[in-house]
Amino acid sequence: MRRFPEGRFRTAVLRRLVAGVLALAIGSGGVTAATSDAHRSPALVATLITAEKGVAPEATAISAGLALTISEGWKTYWRSPGEVGIPPTVDWTGSTNVAGVEFLWPAPTRFTAFGIENFGYHDEVVFPLRISLLDAGKPARLNAKVNLLVCSEICVPDDFTLTLDMPVATGIDAAAAARISDFAARVPDDGTASGIEITSAFVAADRSALTVTARSERGFAAPDIFPELGSQTTFGKPDIRLGDGNRLMWAKLPILGSAGDLPALAVTITDGARAATVEPALSDAAAAPPFLLDRMVPGVSEVAWIALIALLGGLILNAMPCVLPVLSIKLASAVKAHGQTRTRLRAGFLMSAAGVIAFMWILAAATLGARALGLSVGWGLQFQNPLFLAAMVVVLALFSANLFGAFEISLPASWQTRLARADGQPGLSGDFVSGAFAAVLATPCSAPFLGTAVAFALSGRPVDIVVIFTALGIGLALPYLLVAAAPGMVQRLPRPGRWMVWLRLMLGGLLALTAAWLFWVMQGVAGTAAVAGVAAGIAALVAILSLRRLNQTLRLGAALTLAAATLATPAILREAPPAAIGPETGWVRFERREIARLVSTGKVVFVDVTADWCLTCKANKALVLDRDPVRSALAEPDVVPMLADWTRSDDAITRYLESFGRFGIPFNAVYGPAAPDGIILPELLSTEAVLDAIDGARGMGATASGG
Amino acid sequence: MNRRKVVAGAAVVAAGYGGYRFVPALFGPRIEFETLDEPRGFRRIAGGRISTGFAPFAGISSASAPDPLVERAARIVDDDICGALFGASTTGSDVVRMASFSDYYCPYCRVQTKRLSTIESRSGGRISVNWHELPLLGDGSQLAAKAALAARRQGAYAVFQERMMTASFQTTPAYLAAVSASLGLDYDRLEADMSSPDIDLELHVTAELARRFGFIGTPALVIGTTAVQGEIGERVTTELIKIERDEQRGTCA
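First to last, the protein sequences are chains A and B. Start counting the first sequence at 1; every next residue gets the next number (our numbering). Start counting the second sequence at 1001; every next residue gets the next number (our numbering).
In isolation and in its complexed conformation, chain A is listed as follows (with noise of 0.2 Å):
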């Protein structure tokens, strides 16, 4: 048995083997198996199967097979088990009519116990054999001697043998057949046929970690690394990556121990059903990886510190405009019911407060949910997507309406008594809602911080994500929180009055505002037609819900079907993307080879990449960008301003900002001659690093620009 098979040949046999298998399995139906007696032991059940019943005139060669059902908790391993461990041997003497059998190995699993790597199989594996006869179409017979290790909690050596007798005959054994191509389709192949192709492949001088690149058009979905580099070497668990839209695979092992001279190295990739192996040649340097290593393994000091960022990003983000409103209605609500109790307070702001970190958790979750599925998630996204603002702004237009009087939220009787607690005053699932309203309408806000603490999160372990999202709620909440520790601070807000009519006039009109922000957002992303259909929307489930006089139950049937209508309208009226753009007179669509080719010419390339639910990005725009000496420095004929619109999910520029490790915006950067691989600017602009990063590029150095 050899230990590194040569891969070429190795796949040329495998692909005639299975070839070869499923051809005969589907010609015929087998009656007798070909099947050794086998071997029980606890941990697993072992016999040697055939595809052939027999060996057929004139057959040179036999597909067969190892195939092992391995009891629950057990496992046994692969050629290069691990750390510690033995594969499988087998020995074949004592066979008849046997010149050579070519022992094949499935991809293997990982298995981590208390720290120890380990590679092998668990459930089920049939090891492919490819027996070669001595006499073309003579009887044969396997007597194979295996030798294993089965290890649950304890390991215990396996010594079997397992005889067939081949008969000449013909006929396909199907379900053997089935269970050998099964497995031998998971036998790496050189990467022809998977797609895998490895692009590079480093081992550090001073033999510390090991650097892989591989490359995939079809993406890859949950990879894993294998590599071999002699029995002396082992490696720890890789540190993973995904980039360029996932077909960019990035992969660093510590290595454990070596000695000696290295081996050539091979190195096998799985990725789901499909895996190669291949022997790459070195690399002399390590491969960048695709986003930033310290954030990928952060320290628990690290971690605190993005906590406590998320934490202050989410109290700032009380003061947003978008979210103020929500706050002040609360506590406008706390002023309106003196006569509360303060338990009863305290629970109310309680209950919010759970209810904003309630929706941070539903955040975090589906941002797990979304990574696991590979997609690429940043904040405000949700903000590309036509429906979401369409039910974003029907909320908004209906409690502004409500804030101005054109009708009463009320609930059902039977809910309201449900809800309400013995003594009538309302209940806590209002506040709930009110305080998960609050964090819906904070996400677009996306403060400078927030920027920073969610790419780590996007980019780090799922504990991370949790510490986060929760820091962010938590900071939002802080108010609510406030309010619930000292109830006091309530009853010293003036008393109720005219004031308070006026008070909820401001606030409709702020939510109104907001609502016209995202009109103008979703004009942006799903064009005029969309915006006109869910304002038509809009006034006629007001005008339905301030008809006083219509049956409470149809008014809200009409209402529910009316809304549900808005809802849809976006989705059908969206028009296309307009083709160019390019409003701004010297902004030039973002294309992301030209930066290289305009260097290349001695310009310097000004990236800006926006979005129109971007409000950050609004003030860079405002305060920095369109005002001298901005402005003219981005207008000399050295300089090109490059605009990329992210407003609808577009693929080329997310996977560019993924590139730098950024999964949100604004995001601006600047090449130049002096400067090839961009110099990234804060994400809150100002008008020296503008110049400052412009000079930079051109190589003139920053003190050129302090005049």
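The hints are simulated quantities; they were obtained by calculation from the structure and are not laboratory data. By construction, the Cβ of each residue, glycine as well, lies at the ideal position given by its N, Cα and C atoms. Mixed in with the good hints, there may be bad ones.
Just some of the chain A residues that point at chain B, by a computed CB distance under 10 Å [unchecked claim]:
{"no.": "1", "residue": "E83"}
{"no.": "2", "residue": "T89"}
{"no.": "3", "residue": "F111"}
{"no.": "4", "residue": "F114"}
{"no.": "5", "residue": "P157"}
{"no.": "6", "residue": "Q232"}
{"no.": "7", "residue": "G257"}
Assemble the complex: chain A is given as a structure, and chain B must be docked to it using the hints.
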């Protein structure tokens, strides 16, 4: 009102079942023992799921012809099973003695060995572990076991064991030479010891003990009078040590 009672009743039943079902799991099941007929005076944990069904000692090539070494090992175990198990380690009413059986090629042995060393070093002398080499996994495993026993003769068993347990390796003479050089051992002496009849006998005694206790694989462990098969986790290990300490059973005291 009636419905409320039904709901309350159901809740009580559910809570009771939940408590019965899950709370004991938090503290772990009570350990139950099964007395062994052979060797006398010992017992094992009852209900082990992996104690039967394997061909005993698949990995050890036991010659069919009577081997004088096997017979000598059997006599040694017959004469003083406690000495063979626990070695000449300090006895005292306060010390719980353990015998660990492991193989350098077995993944779970690494875990168990690290755990036992930690328990021993934390005990302040109240627990002593005698390390047995039970190489069941082929030639490399045999070689590593012999090298470890030879290192013991140079007073370097612990460091050698630690090195072997933290690295990956294929045991070859070159590898052993490199390890002994880095540990400051005399490799020529190590090599000579490895092929000495002493070490051969030591391995046979260990194998004989494992046979008597019915161990089918590694890791395996004897804590006081209780034989344990497989990796058992920190909680069960400390629980067993406590039971053995409390019960003060006299077999090897």
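Worksheet item: Which hint numbers doesn't this structure obey?
Response: none
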